[in-house]
Amino acid sequence: GLEFRDALWSQGAELGLTALLVDEEHDGAGAGLGEAWAAANALGALAAPEPLVDAAYVPSVLVAALGTAEQQDAVLPAVAAGEARVPLAHAETGTGWDSARTATVSSGTLTGTKRAVAVPDAATSFLVTAVEDGVPGVYLVEATADGVAVEVHRNAEWVRTGTVTFTGAPAERLGGAVGSGPDAAAVAAALDRTTAVARILQGGRAVGLMETAVTTTVEYLKVRKQFGVTLNRFQALTHRAAQVYADLESAQSLALWATATATAALEDGDDALLVQTARDAQVFLSGQARTVAEEAIQLHGGIGVTYETAISHYAAALTGFRQLYGGELETRSAALASDSPQVAPSALLNNALV
Numbered sequence: 002g003l004e005f006r007d008a009l010w011s012q013g014a015e016l017g018l019t020a021l022l023v024d025e026e027h028d029g030a031g032a033g034l035g036e037a038w039a040a041a042n043a044l045g046a047l048a049a050p051e052p053l054v055d056a057a058y059v060p061s062v063l064v065a066a067l068g069t070a071e072q073q074d075a076v077l078p079a080v081a082a083g084e085a086r087v088p089l090a091h092a093e094t095g096t097g098w099d100s101a102r103t104a105t106v107s108s109g110t111l112t113g114t115k116r117a118v119a120v121p122d123a124a125t126s127f128l129v130t131a132v133e134d135g136v137p138g139v140y141l142v143e144a145t146a147d148g149v150a151v152e153v154h155r156n157a158e159w160v161r162t163g164t165v166t167f168t169g170a171p172a173e174r175l176g177g178a179v180g181s182g183p184d185a186a187a188v189a190a191a192l193d194r195t196t197a198v199a200r201i202l203q204g205g206r207a208v209g210l211m212e213t214a215v216t217t218t219v220e221y222l223k224v225r226k227q228f229g230v231t232l233n234r235f236q237a238l239t240h241r242a243a244q245v246y247a248d249l250e251s252a253q254s255l256a257l258w259a260t261a262t263a264t265a266a267l268e269d270g271d272d273a274l275l276v277q278t279a280r281d282a283q284v285f286l287s288g289q290a291r292t293v294a295e296e297a298i299q300l301h302g303g304i305g306v307t308y309e310t311a312i313s314h315y316a317a318a319l320t321g322f323r324q325l326y327g328g329e330l331e332t333r334s335a336a337l338a339s340d341s342p343q344v345a346p347s348a349l350l351n352n353a354l355v
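For reference, each letter of the sequence shown is one residue, going 2 to 355 in this note's numbering.
Because the hints were derived from the structure by calculation, they are not lab data. If you're wondering where the values come from, they're calculated on a predicted model, not measured in any experiment. Ideal Cβ placement from N, Cα and C applies to all residues, glycine included. Mixed in with the good hints, there may be bad ones.
Taking CB as the label site, the calculated pair distances span [stated by the list, open to error]:
1. 243 <-> 169: 32 to 40 Å
2. 229 <-> 338: 52 to 60 Å
3. 295 <-> 94: 22 to 30 Å
4. 159 <-> 328: 12 to 20 Å
5. 135 <-> 334: 21 to 29 Å
6. 148 <-> 304: 43 to 51 Å
7. 223 <-> 70: 55 to 63 Å
8. 43 <-> 122: 24 to 32 Å
9. 122 <-> 240: 43 to 51 Å
10. 265 <-> 153: 51 to 59 Å
11. 299 <-> 169: 48 to 56 Å
12. 303 <-> 154: 25 to 33 Å
13. 243 <-> 6: 32 to 40 Å
14. 226 <-> 306: 17 to 25 Å
Taking the hints into account, I'd like the entire structure generated from these sequences.
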């Protein structure tokens, strides 16, 4: 799979990309969700595999929400500078994204296995969800600590991900020990808020992927010839391209609406609105991502599925987006089951949730 590129990560840090969601007190930019969305969108347009959301933005939000002052001082400036990559290790085999965790902590050591962890072989630390004395928490575990074993895989978009096994690994609970630190409700709220932000930002990356996929496909139709004429002379193909463009436009509109709504929800402390907006957005954008990827491949023909063709990488990345944070089906089910009012524009929401 595609390896982590340290030089490009460092260049992104020099541009301030890793610092966007870190507050100024911790040497960050103190920017908002909109700025981070724009950065993710730009990386998506290039199909860049750099894990900006998973390794920089997620820890920026989660450590700020749960960490003690000392933990924030230790982690956030390093994340902002691009020196630390701290992905969330949350998903477990056989459980949904929102299900109870099975990893446990006892006497300051963590035992359990996490799957689908971003850049596991390039992480400096992990934020690991686990249970201690019946109380859930998020634990900081150094990647080089004893008892940490990484098995690298390749995900749907050919990017390296992995399974991380913790066997009595030293772990520090964010916010302090059970009883004195955050309780179960506070931990759940912080994880929900962080996941919602990640969904919004990954949606920005997905829109960037779709934008380039559509542009690339249209340009291909203008130059590829069949029966002596370019493919854009065939009415059936131009109609399909026009429909894909319409799908892209609706994806862009929904994603921008969701980002604005989520920004307002964060400012107002309305976690219910934030979570529901992010779920609705991921469901709708997953559907559009599937359509755009399929049509881009179809309009390219057989060459569209080859590794050497750029469009195959965009289609693969869009497939990967649909699998994030429990995947399209689990997110759709959670959105439908929520007691929160469904707030997306009705026409888009109807398409998203049927």
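Evaluation of the provided hints:
1. One distance hint, 32 to 40 Å for the beta-carbon pair residue 243 and residue 169, is violated here, with the actual separation near 59 Å.
2. For the pair residue 229 and residue 338, the supplied restraint of 52 to 60 Å holds, since their beta-carbon distance comes to about 55 Å.
3. Distance hint check for residue 295 and residue 94: the Cβ-Cβ separation is about 29 Å, which falls inside the suggested range of 22 to 30 Å.
4. Judged by the Cβ atoms, the range 12 to 20 Å given for residue 159 and residue 328 holds: they are separated by roughly 18 Å.
5. In this structure the supplied range 21 to 29 Å holds for residue 135 paired with residue 334, their Cβ-Cβ distance being about 27 Å.
6. In this structure the supplied range 43 to 51 Å holds for residue 148 paired with residue 304, their Cβ-Cβ distance being about 47 Å.
7. Checked against the hint of 55 to 63 Å, the pair residue 223 and residue 70 passes, with Cβ atoms roughly 58 Å apart.
8. The supplied range of 24 to 32 Å is met by residue 43 and residue 122, whose beta-carbon atoms lie about 25 Å from each other.
9. About 46 Å separates the C-beta atoms of residue 122 and residue 240, a value consistent with the hinted range of 43 to 51 Å.
10. Taking 51 to 59 Å as the suggested C-beta distance range, the pair residue 265 and residue 153 does not conform, at roughly 39 Å.
11. Taking 48 to 56 Å as the suggested C-beta distance range, the pair residue 299 and residue 169 conforms, at roughly 51 Å.
12. Checking the proposed 25 to 33 Å range against residue 303 and residue 154 shows it holds: the Cβ atoms sit about 27 Å from each other.
13. Distance hint check for residue 243 and residue 6: the Cβ-Cβ separation is about 37 Å, which falls inside the suggested range of 32 to 40 Å.
14. A hinted range of 17 to 25 Å for the beta carbons of residue 226 and residue 306 is consistent with their spacing of about 20 Å.
This entry does not satisfy hints 1, 10, going by the numbered hints stated previously.
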